[in-house]
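> Those protein sequences? They're chains A and B, same order as listed.
Okay, so the first sequence: first residue is 4 according to my numbering, each after it adds one.
Okay, so the second sequence: first residue is 4 according to my numbering, each after it adds one.
Certain hints may be false.
[To be verified] Covered, in the sense of this in silico footprint (three residues per stretch, anywhere, with C-beta under 8 angstroms from a C-beta of chain A), are these stretches of chain B:
| hint | region |
| --- | --- |
| 1 | 11-20 |
| 2 | 56-67 |
| 3 | 302-310 |
| 4 | 471-483 |
| 5 | 491-500 |
| 6 | 506-512 |
| 7 | 527-536 |
None of these hints come from the bench; they were simulated from the model.
By construction, the Cβ of each residue, glycine as well, lies at the ideal position given by its N, Cα and C atoms.
There are 2 protein chains.
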Amino acid sequence: MCGIVGYIGPKAAQNILLEGLRKLEYRGYDSAGLAVHNGEKLDVEKKEGPLASLEEALGSHPLPGQLGIGHTRWATHGKPSDENSHPHVDAKQQFAVVHNGIIENYLELKEELAAKGYTFSSETDTEVIAHLLADLYDGDLVSTVRNAVKRMEGAYALGVIHVQEPDKMVAVRLASPLIVGVGEGENFIASDIPAILDHTRNVYVLEDGEMAVITRDGVELFTTDGEPVQREMLHVKWDAVTAEKGGYEHFMLKEIHEQPKAIRDTLAGRIKEGIVDLSQEISLTAEELNGIDRIHFVACGTAYHAGLIGKAVVERLARIPVEVDVASEYRYRNPIITPSTLVVVVSQSGETADTLAALREAQKAGAKVLGITNVVGSSVAREADEVLMTWAGPEIAVASTKAYTSQLIAIYLFGLYLARIRGTRSEAQLKEATEELLRLPEKVDNALSDADTIKQFAEQIKNHDNLFFIGRGLDHAVVMEGSLKLKEISYIHSEAYAAGELKHGTLALIEEGIPVIALATQQDIFDKMVSNIIEVKARGAHVLGLAQDGDTELTKSVDEVFTIPQTLPLFTPVVAVIPLQLLAYYTSVARGLNVDKPRNLAKSVTVE
Amino acid sequence: MCGIVGYIGPKAAQNILLEGLRKLEYRGYDSAGLAVHNGEKLDVEKKEGPLASLEEALGSHPLPGQLGIGHTRWATHGKPSDENSHPHVDAKQQFAVVHNGIIENYLELKEELAAKGYTFSSETDTEVIAHLLADLYDGDLVSTVRNAVKRMEGAYALGVIHVQEPDKMVAVRLASPLIVGVGEGENFIASDIPAILDHTRNVYVLEDGEMAVITRDGVELFTTDGEPVQREMLHVKWDAVTAEKGGYEHFMLKEIHEQPKAIRDTLAGRIKEGIVDLSQEISLTAEELNGIDRIHFVACGTAYHAGLIGKAVVERLARIPVEVDVASEYRYRNPIITPSTLVVVVSQSGETADTLAALREAQKAGAKVLGITNVVGSSVAREADEVLMTWAGPEIAVASTKAYTSQLIAIYLFGLYLARIRGTRSEAQLKEATEELLRLPEKVDNALSDADTIKQFAEQIKNHDNLFFIGRGLDHAVVMEGSLKLKEISYIHSEAYAAGELKHGTLALIEEGIPVIALATQQDIFDKMVSNIIEVKARGAHVLGLAQDGDTELTKSVDEVFTIPQTLPLFTPVVAVIPLQLLAYYTSVARGLNVDKPRNLAKSVTVE
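One chain only, chain A, in its complex shape (with noise of 0.2 angstroms):
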């Protein structure tokens, strides 16, 4: 996730682009730049950090011009550095490009002008498009644009000028969002609604494979084919706040519904012919990974309820012996440590200070480390050994949801790849199950899809101070992660247990009334998951069910029942907490408190 604005009017570009990357901050904020027509030539600035710096450059050096196009990037191809910031121009300064998204072919791509004598002075994907225009431009850049798109796979939003072109600004799209500004006499692009908001109300949203030509006066859409594209104008009614969230009132619930596409992003250009590949991304040989005789998990929170999946998958799929540990314990308690052990550390930030001080324990005691985490250039994406990336762009709320599923996926693939490698599962299996994988964001957009019930569980538990989850097996850990969701920003002491160890002491505080969220998605034990709702139903509590869609079982046996689509068992936590999630955001809502930052709570926690 990044963010990119664009301008064409008649006032001064920079402060107008500077004023919508503000806005737009919340998509990425490691680095962050201009390229302005000064009627001339392309200026451009470009600096690392927060959008604070880029205005101090600017300061005593700004960019004069009634053109330009500007970036706050969320780097993930390339660490965040002056150098991989965007705009990316090539080596004559001709063409300036802005890019949100992967280019998945950008390797294929790079190697191709390389061997043609382009250099490349950054690690970024999106350079690739700067050289790529240059080298196929016939003097037209809409013709030279749209030639260069049909080279390119993958996700993106595009926004590019040309210094032979001072009047004009071309915007494509695919799969990645993009909105044209309709103003008087000037014209926008943006990433969202937000940057443009304070010019203009009047909104063009592009669609997949849409490239939009923008001048003072005017906006022209095709298909990245050269179709003319009909599109009715958007007037929003949004105020600033709203729009900033993509008109969800809170940014967790932009979170929550953003997760079918940091799946399909934490999913792409890692399946290679239907079987999952990492060895572009993992250096460890073959050799290495049959060597691996334990495994580590250790995290912190969220990530570390991931953890507890991620011991069932590689168990079961790859049959390498895990431990799961709290990060904050693990570094105090001298675990047992050898060269063949591999310490799996996972964190959305990078940049939690238990985890990353576990990181460089293990190292310290010989084990290789293998960093999951969303934020590239991050400490821990710079100081493991092994990196897998999730590409679940910023997260903003501080109550982590697409974080979360992105790590199962990360975890998914690296089990698969495992399997793979060790010869665990067949390729048959492994296919089936990676075929599974990518149904994954299509399923969980059905689990969002009935909002109406999980509001109505929020409301049978709002005026609750105590409450329970119960699940068995993988159900277990991701209650585990509902019950924490719950705890964060409702504020309500629920409690998560493995359903078959209530009995040995805390049954004693189910009484009449108490609510009991009970999770059923695992068939081979669905029967002593039964058995355990009806002692709780025995002693008084109210259960909320959640089953699998066609159950017709629990339903018998529960207060009121959620489903969820069906899926491979082990792939059930990425939907089955999808309602979880919801049920605490809602009862949040319902309580009045602040969603997005709770009391107590930093975002990122770099204290021990």
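Chain A is fixed; fit chain B onto it per the hints.
Using the frame of chain A, we list chain B on its own:
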């Protein structure tokens, strides 16, 4: 633990003995028996099973006579069976003996007697006493008993009668309780006061190394060396219900106070020349013990918390990687088990359904199973490949206390034994640790001595519905147990957290005035723990701290502090759990709840 009674007087002995045994059933209930002098010979009836089985047997064949002894058994040496039941007799049925305790040198005595031609019909240590008495018989019951006692090592209370002396009963006490009830023309012996309260309130309490010679009309007390003893008579004012609880208001409090003895009994006979030696009990060879490459602890509830300590003990002392699982999860998660995996199951009752199922699952997968249990002859004791008994005696209160500390002791013994065999600790280190183990009963006694401070803590939490426990490392495992105790009997929703993990979400629940109970006994992480305490203090928590004697630091950061005796870091759980058990107890009492039988719970969970 077992219960013994004896009667001499004008009435029929049988019913008086049976009534007495009924009052002592809390001391054991796996079998019972009587020996009554019918004027000519000693009649014996004994039956496996509860007292009702004996009563049924006697219903058709009553034992006439006015002198007799009786016993209700809690198996130690030898499984519950008719043969192993007491009373035991010699080959000619001249002597009948009931015994509570352990004869530590019984194997040696047995060999000696076997060499002389004595044959044994049971597996017990007690039968050895009967044959020893026969072997030493000099025509006088009293001097024969005196001479026999000189040969016996261990802890015991005995009641003995002889066919040639129909007017006399002899009782001896060494470290197991025994009282003499003094009536009008009739006298009694018993393990505990409730057994005789229907007949008299006048009692002599025997002390260690004392012997009573009892006739219808008189009681004479001597040392076992034959010196006369003067003892003041005790006039019991307790009612029968209080008496059954040894003067404590509840079984739980009684059992909490029995922990020094339970620890001593569990250590007894397992330390040779200052070092732990389990070779008599564990049949795994040094080669087999050296071949173990992974250990799984599997248990439920409180025993699971003992398993968490087990992980630290085994990993630190013997450097074998350990996983700890809740039994209801373990059996269904397809754990990775190889022939070099040792599975350790922990269950007080030895009948916990989930634990038993896990044991069978592990054996099916090819692992050896070590059972740690408190009940000889239980399913775990019978089915496990290796058994390490805890000697806590019967636990009546649903909330487990002395079983837990005894399980910890068994685990320490096992860890030290492994470290010895595998050479991961020097002899000096093993000796130092073993010496410290032997000091634990006294330290637990010390921790029990300041109940007033804990009562005051209980007053401070009793009106809260939610609270948290925090700790790091071993302290985390201990607060999990402390929290479970509180939940079970006070119905307060308490939750235990690894102190460093709280900030990753649950800190949102910390608000003004909420109690947080913080355990800080581990010196290497003490400063980190203080930081976590300051985090919750800053959010308004009311912090009750538990530190080690001599603490000057924690005191500054918390609202109240309770200190416990210092010991080795690995052993602190045994001492640190004491105030937490007392806190749960006094809070339950302050809330007016049923301490010994909390709602919804059963003592031994024999369903899944």
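> Decide, hint by hint, whether the structure agrees.
Verification of the supplied hints:
| no. | hint | verdict |
| --- | --- | --- |
| 1 | 11-20 | violated (count 0) |
| 2 | 56-67 | violated (count 0) |
| 3 | 302-310 | holds (count 4) |
| 4 | 471-483 | holds (count 3) |
| 5 | 491-500 | holds (count 5) |
| 6 | 506-512 | holds (count 7) |
| 7 | 527-536 | holds (count 4) |
When held up to the earlier numbered hints, the structure conflicts with 1, 2 and fits the remainder.
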